[in-house]
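Chains A and B are the protein sequences, given in the same order.
Counting with our numbering, you get residues 1 to 548 for the letters of the first sequence.
Counting with our numbering, you get residues 549 to 823 for the letters of the second sequence.
Just to be clear, a hint being listed does not mean it is correct.
[To be verified] Chain A is faced by these chain B residues, among others (derived, beta-carbon under 8 Å):
1) Trp577
2) Gln709
3) Gly710
4) Arg713
5) Ala714
6) Leu717
7) Asn718
8) Gly719
9) Glu729
10) Pro732
11) Asn733
[Claimed, not checked] Pairwise CB distance ranges (calculated):
12) A:Arg94 - B:Arg655: 50 to 58 Å
13) B:Pro732 - A:Asp398: 20 to 28 Å
14) B:Gly634 - A:Asp398: 29 to 37 Å
[Said to hold, decoys possible] Okay, the calculated bits of chain A under chain B, using three or more residues with CB under 8 Å as the criterion:
15) 334 to 343
16) 386 to 398
17) 482 to 488
Everything labelled a hint here was simulated from the structure, so no lab data went into it.
Ideal placement from N, C-alpha and C gives every residue a C-beta, glycine not left out.
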Amino acid sequence: MAVADPVLSVRDLSITWRTPGGAGRRVVDGVSFDLAPGATLGIAGESGSGKSTLARALLGHCRPGSAIEAGSILLDGRDLARMPPAALDALRGREVAMVPQNPLSSLTFHMRVGQQVEEVLRLRAGVSGAQARQRAIALLDDMGLPDAERLARRYPHQLSGGQRQRVVLACALACDPALLVLDEPTTALDKTTEAQVLALIRRLRVARRGAMVIVTHDLNVVADICDQVMVMQHGRVVEQGPVRNVFVTPREAYTRILLGAALRVDEASRASPPQPGEVLLRAEGIGFRYTRPTLLRRRAQGPPTLADIGFTIHRGEVLGVIGESGSGKTTLGGLVTGLLAPDEGRLVFEGAALGIRRSAAQRQRIQMVFQDPLSSLNPRRRVGEAVIRPLRLFHGLDHRAAVARAARLFEELGLEADLLERFPRQLSGGQQQRVAIARAFAAEPALLVCDEITSALDASVQAQVLDHLLAMQRRQNTAMLLITHDLSVVWRMASRVVVMQNGRILEAGETAAVFQDPQDPYTQTLLGAASRAARAGDARAELITATG
Amino acid sequence: MKALLRRPMTLLGIALVLGHLAIALAAPWIAPHTPTSLLDAPLEPPGATYWLGTDDLGRDAFSRLLWGGRVAILVAFSAGGFAVLGGTLLGLSAAYRRGAYDDVLLRLVEMKLAVPTILFVAIFVTGFGQTVPVLIVAVSIIQMMGVVRTTRAAGIVLMEQGYVRAAQLNGEGGAAVVVRELLPNVLDLMAVEFALRASSALLLVSALSFLGLGISPPTPDWGLMVEDGMALLNSEPWLVLAPALAISSLVLAINLAAEGLAEAFGLDAARGGGG
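Next comes chain A alone, as it looks inside the complex:
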């Protein structure tokens, strides 16, 4: 892409990471692109594709152990790859600024947010005193923060995630840099908040003349706010060009995989129809409140995490639980699995009450798969042991029989049997999660609780893991409590759904009915945000109509 007068011009950039052994690995390999003033480039790729390393290099920064091996990064004609550290430092914040992924860790926790914006103005723009304060408040106001004057006096922990990200944006834009680099700017946010922050970024893009680079694993974000896209894999550029062209007619197979893997609500559901069979689990008026244990008694804190929760799961049925972070859905999973005990109400499982103390049979019949696949496997034990142990505990198999059964479970989940001997870190995220699923199914449970099991996985792996999970679930006729914030996962898998907010159930019913005709205003917003993202992600259709 040759641009007449680019702000940023990257040529044949290669970045090498040196392992302690001395061998080098190219994490960015021969990347070239130009960016005109006002243009927005989306760099998309899965984890490990080198996109974040590239983003840092645009600020002239390399992680320890890595170095720019070849190529140039010309920002307004000056080469950042060959600039002395002092000159780079003077440039950062003024000419090029960055918005990192996690807004909480990028703000100083003991400074009022207004002061943090002022600090940038003082150090980078040379403005101080009352003038800096005014400009800081104006900037915060510009970021769409309500009552900026009062908000400026708050500390980062007193703000919501979306508000924090707006403050970070204000800091980055304080000196109106020629280039703004955003690294996964919305990954840490809820769907609704994400849509709002993306709208802000879209507005800023139009208002400002500076160029933007947005690094993301989420193609919906690219479709939503970028005009150019670059798809990376293993440090190389797979495909680049205007968003319109790449999304409508992707040339490379990998791009097509990424586009196809972005799960969308408009896809056909694979969930089985609701089964009016035997009730497996019944929750009646469940209430729960987190307590802070002190030496003498337990003290309740804040409002209840869960209040008046009631639902049923039938044998072999998949029930989806949707909610944003803080809705209490993970706590609900903890209650069902027995990690927590309810303060009010009761759970009835297979006709017997479920307490915190459970019989071995009850423990065997309710299993769980966790969110983070790596942390759900003991890093110092071979993954096979994770599956063999429950087989021996629950089915009393001897070691040899347990190994054979574990190998069969691995095979059913598409894992090679020799992976049994590996350690968790030697497996990919998708493999780790399938091992965790194998461990859960080893017990042959009647109910499986899945807590956000795909949110830590790359898009192309998510579908694969869900397919294997669904196949296993059908094979063993296991009921599932599927907890997620991802509406498309629920749409694909669950026959009935429960929508939660602030510890209460707002709406419940058959998935198709709730998705097509949501009754509660909150559900409507939630689905609206998702369908906006889905519409943006469904760029092919939309763009074809737009161009046609």
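Start from chain A and add chain B according to the hints.
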């Protein structure tokens, strides 16, 4: 392991520790004189016969120096070992059980930390007698407190991990969770703690001997040698400097080795254990 061997300071530390251990073990065979025999030649200056001269009772200072680490190292290393083993089990069990057990244990640790170390040992030794086993127990208890706190903190983080929860959901008992799930994940911490506790125990033992609360005369010991030589610091400074140097070189060596170990383990974690 390779990363460990490429650090010169770590290598120096390991070499010095091994050297000290070798000398301590071989002292009966390599010492030129018996460390406790009175040679009827007090306060000889260093020379060909008595390499570091003789002390005020006429004992060969060089032989005493070679012998002087034996008991102190024995006490320091065994106390370090007991402290790490006991402290880790206590710390991890506290992280596992939390609640009242955890509270009581932590209050005990804090109470111990509030009592001056020397006073604690003085009371202990007065009560149980000034023998090497009593000394090992006393020093172990002192060193254990820090280990309880670090391993408890690590354990609390581990308790949140999915694999611990999975084990609990499968009905594994407390001992199984602590030993099978938690312990393997704090082995690196234990190795580093052992090195730190052993070096700190060595300093403590020497200080106790110096004060007359540790190893009793006539056993040759560095701390005792420093104490004996203090009166002669102006005329025969080598009688103090040599054992002092022996203590500090071993403490320094253990710390260098520990630091290298810590970094090597940290590096392993960052590299993903070869994944």
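Results of checking the hints against the structure:
The closest approach between the C-beta of tryptophan 577 (chain B) and any C-beta of chain A is roughly 41 Å, which is over the 8 Å cut-off, so the hint fails. Contact between glutamine 709 (chain B) and chain A, as hinted, is supported at the beta carbon level, the nearest pair being about 5 Å apart and thus within 8 Å. Restraint check, glycine 710 (chain B) versus chain A: the minimum CB separation of about 3 Å is within 8 Å; hint holds. With a least beta-carbon distance of about 6 Å to chain A, the hint placing arginine 713 (chain B) at the interface is held under the 8 Å criterion.
Annotation: alanine 714 (chain B) was flagged as interfacial toward chain A, and the flag holds, the nearest CB pair being 6 Å apart, inside 8 Å. Restraint check, leucine 717 (chain B) versus chain A: the minimum CB separation of about 6 Å is within 8 Å; hint holds. A hinted interface residue such as asparagine 718 (chain B) counts as satisfied when its beta carbon comes closer than 8 Å to some beta carbon of chain A; here the least separation is about 5 Å, so the hint holds. This hint holds: glycine 719 (chain B) has a C-beta 5 Å from the nearest C-beta of chain A, less than the 8 Å allowed.
With a least beta-carbon distance of about 6 Å to chain A, the hint placing glutamate 729 (chain B) at the interface is held under the 8 Å criterion. Below 8 Å, beta-carbon pairs count as interface contacts, and proline 732 (chain B) has one with chain A at about 4 Å; its hint therefore holds. Hint status for asparagine 733 (chain B) relative to chain A: holds, with the closest Cβ pair at about 6 Å, below 8 Å. Distance hint for arginine 94 (chain A) and arginine 655 (chain B): a CB-CB separation of about 54 Å, consistent with the stated range 50 to 58 Å.
Roughly 24 Å separates the CB atoms of proline 732 (chain B) and aspartate 398 (chain A), a value that falls within the hinted 20 to 28 Å. For glycine 634 (chain B) paired with aspartate 398 (chain A), a C-beta distance near 35 Å keeps the hint of 29 to 37 Å intact. A count of 3 residues in the stretch 334 to 343 of chain A with a Cβ less than 8 Å from any Cβ of chain B is obtained; the coverage claim is therefore met, three being the minimum. Using a Cβ-Cβ cut-off of 8 Å, 5 residues of the stretch 386 to 398 of chain A lie near chain B, which meets the minimum of three, so the contact claim holds.
As drawn, the stretch 482 to 488 of chain A meets chain B at 0 residues by the rule of a beta-carbon pair under 8 Å; below three, the given contact is violated.
When the structure is compared with the earlier hints, violations turn up for hints 1 and 17 and for no others.
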